[in-house]
Amino acid sequence: MADARFYDRAGPFSLAELVDAADAEIAGAPPSILEFSDVMPLAEARADTISFIDNRRYVEAFRKCEAGAIIVAPGHVALAPPAAQLLVTKDPYRAYAKVAQMFYPAPPISGRSGGQTGAAPSAQIGERVTLMAGAIIGEDCVIGDDCSIGEYTVIGKGVHLGKGCRIGPNCTLICCTLGSNVVLHTGVRIGQDGFGFAPGAEGHEKVPQLGAVIIEDDVELGANSCVDRGTGPDTIIGAGTKIDNLCQIAHNVNLGRGCLVAAQVGISGSAKLGDFVMIGGQAGIAGHLQIGDGAKIAGKSGVTKDIPAGMTVAGFPAIKATEHWRNLAAIKRLRKD
Amino acid sequence: MADARFYDRAGPFSLAELVDAADAEIAGAPPSILEFSDVMPLAEARADTISFIDNRRYVEAFRKCEAGAIIVAPGHVALAPPAAQLLVTKDPYRAYAKVAQMFYPAPPISGRSGGQTGAAPSAQIGERVTLMAGAIIGEDCVIGDDCSIGEYTVIGKGVHLGKGCRIGPNCTLICCTLGSNVVLHTGVRIGQDGFGFAPGAEGHEKVPQLGAVIIEDDVELGANSCVDRGTGPDTIIGAGTKIDNLCQIAHNVNLGRGCLVAAQVGISGSAKLGDFVMIGGQAGIAGHLQIGDGAKIAGKSGVTKDIPAGMTVAGFPAIKATEHWRNLAAIKRLRKD
Amino acid sequence: MADARFYDRAGPFSLAELVDAADAEIAGAPPSILEFSDVMPLAEARADTISFIDNRRYVEAFRKCEAGAIIVAPGHVALAPPAAQLLVTKDPYRAYAKVAQMFYPAPPISGRSGGQTGAAPSAQIGERVTLMAGAIIGEDCVIGDDCSIGEYTVIGKGVHLGKGCRIGPNCTLICCTLGSNVVLHTGVRIGQDGFGFAPGAEGHEKVPQLGAVIIEDDVELGANSCVDRGTGPDTIIGAGTKIDNLCQIAHNVNLGRGCLVAAQVGISGSAKLGDFVMIGGQAGIAGHLQIGDGAKIAGKSGVTKDIPAGMTVAGFPAIKATEHWRNLAAIKRLRKD
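Protein chains in written order, with numbering that gives the first Met the number 0: chain B, 0 to 336; chain F, 0 to 336; chain X, 0 to 336.
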């Protein structure tokens, strides 16, 4: 699942080691696979990998899953595919988090192995690239022609930049791929962990974030804005989209092309926005929503439902702007009665 | 227009080169000026510069404009001053953006030419200045006596600091002038591009931001706050104003003296605030508004209209606070009926 | 009051010097103490320290105060303890600010004395610690085993980290103590001054922030989030609490264990939150509130009152979520009538 450019995988691990990490009971098929090499989503898992199910929406993928081992709750055991060894636990998401942590132990946050400033020997640096003082280019990076990399900016290992990117000072770029002519202003943070935990009374367990950030051509990001990397799928910002200062783009967000996002906007995890969406300052968009092409979201709105293409919304919860203004007028009349 | 301390101008360019960049048709006076040296606003333009009009509010300045060339929409051609060569296009703002980009090609984001840590040889450093490890002072900077410049802070070329400023670690200061006794906490971003684009279906064209930031004496800015530079006019923060963490001050904002701005506030472009304005946390102020002296804006308010001096407002859209509380009471009664 | 690990105290100062700094009139007991060594809260003050009262809630502590000198308003003189010399002024908080500034003159913002990258000779660095390129560890720091410290991260003097902390690039840690297994993502700002001023028409006077930040085990903070240090008491983040990107935690906040705080949340000064509180994105909490264990605060809410344990609230001002939904329904019906 995880891109080898960015992630070093540990293992393989034996079934016993996985059972121990997951704090689970064994069930299902008799053990045939001796070693496991990776964690995988249900639909992509192979015989030498382990997967999990914690949501009944995925029962069909579970029935057909080819993983050698699957972490499941007791209620799903009866629906398991016959060849899978089952790791049974009351909290499969938490158990998955522990197992995934074992395969992907956390390195230093930049993903680099330490050491030097400047460009790593294994990095490929294009023509006419300007590295400002203190810029760090990690192992195996590819930096296109005519890029400038700002002072004290840290680029983690395996990051690719297209041509003509202008990266400001004091930025961090981890687990990401940038197209051409991307502009990152000062203090931009790309590719850090998303906010993913398996919550629980005994502590919130970190779920390894194994995706990346893909930023297409001609994107611009304002000072101190943040784009978290995906959980497995990627976080994507479409070509020509412009984002102002202090914005938050959470994991797995998919922003279309040509969007304009004003300052201090927050877009929650897995929201999917179409092309040429406009978002006013300090607006927020809840997780997993679909926002259609050309939608306009007024400043300070709080979007809690899907928005069809072309609609203008306002308020919190955000509704069609014309209805929002009528609500405000109705409240005003009420007060004056 | 642009301060030579901060901006290196390219050119001169021929009329043919300008027409080509603007993707425009030529009209108006027969060509007399052979070379153009700069872009200028209508009211300041001279014979060897090029200007533009994209808003009917500026028709009077357009009629009297002394620019050698002006970018106009077809509907404004008839009103043009007789001596100007006209570059006619459906989207004059976009054409201006392209021409201004030619005169002011984007350097590395800090505006420095590369190279060294420490202070550039051409910088003037006062008495008893402390440069912490990794601090960078750009070409032609002037740093007043008794300043301390934090670790890994980057000061771009031409920046002036008065006496006794305390600049935290990991800050960036570009295209700005600071008075005396200014305090910038960690991660503050001053002087980066404002969010200025000529929008369009074929892509949003960057409008070069050619102004500066002026921060007067005794101002304090909290961690990770951002102040964008002006588009041509400057962004100004008046003496004694204190701004908390994670605030956004957009291009051309003019904040008066002695204001108190709590955390996560956003002030949109060209808003003009008087003296001793108080703003609660997470409030937002829309663009181009006028806020009078001594106004108080409650936390989380969204200000969408001008506010007279001394008024206290609350809510979103922000209204007089007393009316806002009556609205809330009216809604509560309604629910209980 | 202030922890000597973080703060260098100046002085002692004579009564005359204090009177001069405070711009006050002398009253009360005849001068017996010749030199003063520190500022102290009323309840902790000793004979060689100076304290202040500016709020009638503290009259009982004032009556019993053992400070050698106390800054008071004229209306409190009659209630003074008999042994204290009184510095009488109309604005005791402002006078205190001036006196405290004299005892605690502001150093460079990182609190370091300048100079080197890498670890200071007086720092104690544990086993298997990774210092990435450009990491700075200040004087007298203690860094536990197995920590990694990111590129260009600046750790001020006296900071303690437990074992296994992962600190990202471009962070700043000042005046703080971290437990074990703390994760700070890129650009996190810990321990800078809180937003504390004695306001006034002649300028807002800085009140020295003399507390620290205490971050317990297993806390995680997202990119570009900020935690200000306490004014005298400390800012505390309880074990296992996870905070997303671009959040603001103000001075003296006390966050319990196991809280989950989504992106762009702001928590104002001296708010006290219980354990396992959940806060949605962009919500704000006003100062000095008490939020009970297990409370849930919906995204974008503005909390203006205490919340009992276990309650779910929403809206601005935040009320019980079920009432909030009924309000919204009532407004909608009203509009349609």
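Take these hints with a grain of salt, some might be off.
Chain copies aren't distinguished; within one or between two, either way the pair holds.
As a list, the in silico BS3-like pairs of lysine-lysine whose alpha-carbon atoms are at most 30 Å apart [to be verified]: (1) K63 with K331; (2) K89 with K331; (3) K331 with K205; (4) K205 with K295; (5) K162 with K319; (6) K89 with K205; (7) K304 with K319; (8) K271 with K205.
The set of hints was computed from the structure by calculation and includes no laboratory data.
Since we're looking at a predicted model, the values are computed, not measured.
Here is how each hint holds up against the structure:
| no. | hint | verdict |
| --- | --- | --- |
| 1 | K63 with K331 | neither (58 Å within a copy, 46 Å between copies) |
| 2 | K89 with K331 | neither (52 Å within a copy, 42 Å between copies) |
| 3 | K331 with K205 | neither (48 Å within a copy, 41 Å between copies) |
| 4 | K205 with K295 | between (35 Å within a copy, 21 Å between copies) |
| 5 | K162 with K319 | neither (41 Å within a copy, 52 Å between copies) |
| 6 | K89 with K205 | within (17 Å within a copy, 53 Å between copies) |
| 7 | K304 with K319 | both (11 Å within a copy, 21 Å between copies) |
| 8 | K271 with K205 | both (24 Å within a copy, 25 Å between copies) |
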